[in-house]
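From first to last, the protein sequence lines are chains Y and G.
Using my numbering, the letters of the first sequence map in sequence onto residues 46 to 244.
Using my numbering, the letters of the second sequence map in sequence onto residues 46 to 244.
Calculated from the structure, these hints are not laboratory results.
Worth double-checking, as some hints may not be accurate.
Because identical chains share one entry, a pair is satisfied inside a single copy or across any pair of copies.
Stated by the list, open to error - Pairs of lysine to aspartate or glutamate, DMTMM-like flavour, derived with a Cα cap of 20 Å:
1) 204 <-> 172
2) 207 <-> 196
3) 204 <-> 190
4) 167 <-> 190
5) 99 <-> 87
6) 142 <-> 51
7) 99 <-> 83
8) 99 <-> 58
9) 167 <-> 80
Protein chains: 2
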Amino acid sequence: MADYIESLQVLCEQFARLQGVGRKSALRMAFSVLEFTDEEAERFAQAILDAKRKIHPCPVCQNLTDQELCHVCRDETRDRSVICVVEDVRVLMAIEKVREYRGMYHVLHGAISPVSGITPDKIRIAELLERLKDDSVREVIIATDPDIEGEATAMYIAKLLKPLGIRVSRLAYGVPVGGDLEYADEVTLSRALDGRREF
Amino acid sequence: MADYIESLQVLCEQFARLQGVGRKSALRMAFSVLEFTDEEAERFAQAILDAKRKIHPCPVCQNLTDQELCHVCRDETRDRSVICVVEDVRVLMAIEKVREYRGMYHVLHGAISPVSGITPDKIRIAELLERLKDDSVREVIIATDPDIEGEATAMYIAKLLKPLGIRVSRLAYGVPVGGDLEYADEVTLSRALDGRREF
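Working from the sequences, and respecting the hints, build out all of it.
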């Protein structure tokens, strides 16, 4: 690739470490950097160091933040009696984009996956239980991914919360809005039938 | 996007400045950085600064290098009597990958484009003429892109070199190998017909 220009090769390798970046894209990005001014390159390098240094999990909900509490936990207008449990921050961001949900979150930072060695203690379930101790939460909405790991995690948490007398719900399964029924997979269709609602 | 976590937002913007990186990819990359260890993040930041600081155009051929001369100009086994003129380093890399061409290069760092204000003096044509002064070069192969700017640049250089008595050639136009003739555009087909060769 660019293996005869060592510092370009090193930069390519760094870009290629990023999720979803292949060798060709990495090379293109490295060339972009060479077209930066010195100040721009310094700003880029500094942004990497700053993000890494400043961003940490919110001590309450494990969402990412560069302040003491995350923007959701800081927001006093939000409904503290509902917690939506998500696997990662990107899901939280997706739900926030809808601007409909006004409760709190809990970010697990993963899903239970015995195959990959991710046992319940490896994700932030203990922190969730801790939050439920003071009886102020009346509902936990489990919004883990609709895949095997997400399902297993949802089941596990639901089982833990049952004895606490908290309402536990799960995001509705069904056919995606705007999708073409012809192409919906069987499991989704079956779930959509199960969950059908009367007009 | 991530506008409530300022340092994440800044990092996203930096990634989005790279060629071919959209907002979604930038966010995905920024999250990747957060998963780096501190040492990994530092190595990434350093790679950016190093590449920017160390890489410069080769004083002979304008190819990029982090040493005194580029890897082609350093290679004493190469044929110094042929120069292949390319628009940018990526084309040089593509030709090098074929491992067939054993001559030298000259990187213009652009193509003539009056519309974008890129006049002949904005690209490295003067440096090319300088190299031809000592009569050691017998052929210049013009491998600028097969688009309007590349064509204009090729014509311009060919006209300049004619009086010097140097052989000037242009990469062959034709249908790409492995392509489907049905989908070849008219101009390419017409050029392929013009350039047809007897068996």
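Hint-by-hint comparison with the structure:
1. 204 <-> 172: within (16 Å within a copy, 74 Å between copies)
2. 207 <-> 196: Within one copy only: 16 Å inside, 73 Å across.
3. 204 <-> 190: within (17 Å within a copy, 64 Å between copies)
4. 167 <-> 190: within (17 Å within a copy, 53 Å between copies)
5. 99 <-> 87: both (18 Å within a copy, 14 Å between copies)
6. 142 <-> 51: Classified as between; 17 Å across copies, 42 Å inside a copy.
7. 99 <-> 83: Between copies only: 11 Å across chains, 24 Å inside a chain, cut-off 20 Å.
8. 99 <-> 58: This pair counts as between: shortest inter-copy Cα distance 17 Å, intra-copy 25 Å.
9. 167 <-> 80: Intra 42 Å, inter 15 Å, cutoff 20 Å: inter-copy only.
In this structure, none of the earlier numbered hints is contradicted; all agree with it.
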